[in-house]
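Enquirer: Sequence:
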Amino acid sequence: MHVRYYENVELEGLPPSYSLTSKYHTVERKRAMAKYHQQSLHWFRKGLRLHDNPSLLAAVRDSQEFRAVFILDPMFVKSGTVGINRWRFLLQSLQDLDDGLKGLGSRLYVLRGKPTEVFPDIFKKWKISHLTFELDTEPYATQRDEAVEAIAEKHGVQITKKSSHTLYDIQSITRANGGKTPMTYQSLLSIVSKMAAPRKPDPALSKEDLQDCKLPVTSDHDSQYGVPSLEELGLDPKDAGPVLFPGGETEAVRRMEEHLERQEWVCRFEKPKTEPNTLSPSTTVLSPYLKFGCLSPRLFYHKIQDVYTRKKNHSKPPVSLHGQLLWREFFYTVAATTPNFHKMEGNPVCLQVPWDTNQEYLQAWKEARTGYPFIDAIMTQLKQEGWIHHLARHAVACFLTRGDLWISWEEGQKVFEEWLLDADYSLNAGNWMWLSASAFFHQYFRVYSPIVFGKKTDKNGDYIRKYLPVLKKMPSQYIYEPWTAPRTVQEKAGCIVGTDYPRPIVEHSVVMKRNIERMKKARAEKYGNNNGPQKAISSPKTSSGGTKRKSKSKDDAGSSNKRTKKMTDFF
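1 is the number of the first residue of the sequence shown in full-length UniProt numbering; add one for each residue after it.
Hints listed in this document are in silico derivations from the structure and should not be mistaken for laboratory results. One thing to keep in mind: the hints can contain errors.
[What the hints assert, rightly or not] Distance condition first, Cα-Cα at most 27 Å in a straight line; then the derived DSS-like pairs of lysine-lysine: (1) K214 <-> K125; (2) K238 <-> K414; (3) K311 <-> K383; (4) K273 <-> K455.
Predicted model only: the values in this text are computed from it and were never measured.
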């Protein structure tokens, strides 16, 4: 074979950075030319950020021309399953992303339509040869991506996809466990303790990364490809709540840095000890930013580690800030390998429970008309603001399912999916199964009281007064149980129960006992007489409205009651 060599030759058509100062093979020259003349396209879905975005960096590496797109599928707008607050958060995140790209000389192209219909057109129009995107493990996403990959192959487009939405590539966790999915949080901790720490975050996309790329932007970009408004999506901004948590990478990083400056707080942080009904959040509220990928979990993890390194003592998983990220990792891992994870039927990890169908109860719960002020205040905050504390989620989820109304967790999941800014397939389904004692959590006899639980951290009922103004003048001694207030007290407070505020739709002390027996029966049908991983023991209610165990009997995994309590108090 005849081989030609070049010394100190600048390849024609390539920038000076491709100048050769050593012998160069003809074949390598052709490869370099082909590689450099790529027309690259990065597809944003989640991962709405410029920092720690390896698939984005892969798009600009050795590329001649670069574009970034987000495809807005009208189906999701028309379906009504996503609330206006989350739409607003998404649009804010896209605008922030566009602003970030604009600062680098590029722009975000927002396209509308189904990805399978959009890509064939833009592959041809823009002569795309390389498509990159972040790996997504959700069932809808995997089906969508497989269809897009088939279209790309048909058009001769190379695909690059990389994992960056979780701390680890989910497959690496199951591989480290012999191909098996860890079904408990403790088993996940055991696995990752033997793995290397999550990889360090990649640097943010910079002007230097783009210096050799053409960045096509036309004068009519905003009208053709700009981020739409809520009105353009057919949504009325007046229906949205206050903007307490603006979307976008800029706000995500700002909030993260703000919290990390409180180093003592970071080191002492224990999630179960935070309060569900404070007038301002007692936690980081970074979950919406992690959900949309405005914040990299790996960046957050290593920033926390930097604080831990500077301090001698700090909290540990499951309750620490690292522990929160690992809980996220746990549910992502289980969801990625479990069919029908978001349903009861056909879900191998979910207890099959004969839940009731009661639209009256369901609507009362959703519309904050249960007659229990603590529950109704939480649901009001959820609808207005798109976020509630994790213990508040516990309270309303338990109330809807095994605690009081005996309605399927799938119904509650739908409401959270609509209203939560941080609604996430894996976490939403996993937590609803947990809180309904359908999976992961087996102490079904521990029930949150809709009366007592809120009093532990807010005796005066200020949280209720904020979100239920009708009860603003109700005396503190009655605010959690206004139906017990004498008529004269109700009149003075300007709130007559049954007229201005509803009576309780169920009697908690009665339905709780009945539902415990129903859950016990459902578990017996699956597990037999031992009633499953955690045998039920009838006992008096605790101050939190749950029930306490009579002895320190061990669960099936051999864990002590003390450790089990710590774990179950967390979620």
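Enquirer: Starting from the hint list further up, note which numbers the structure goes against and sort them upward.
Expert: Per hint list: single violation, 3.
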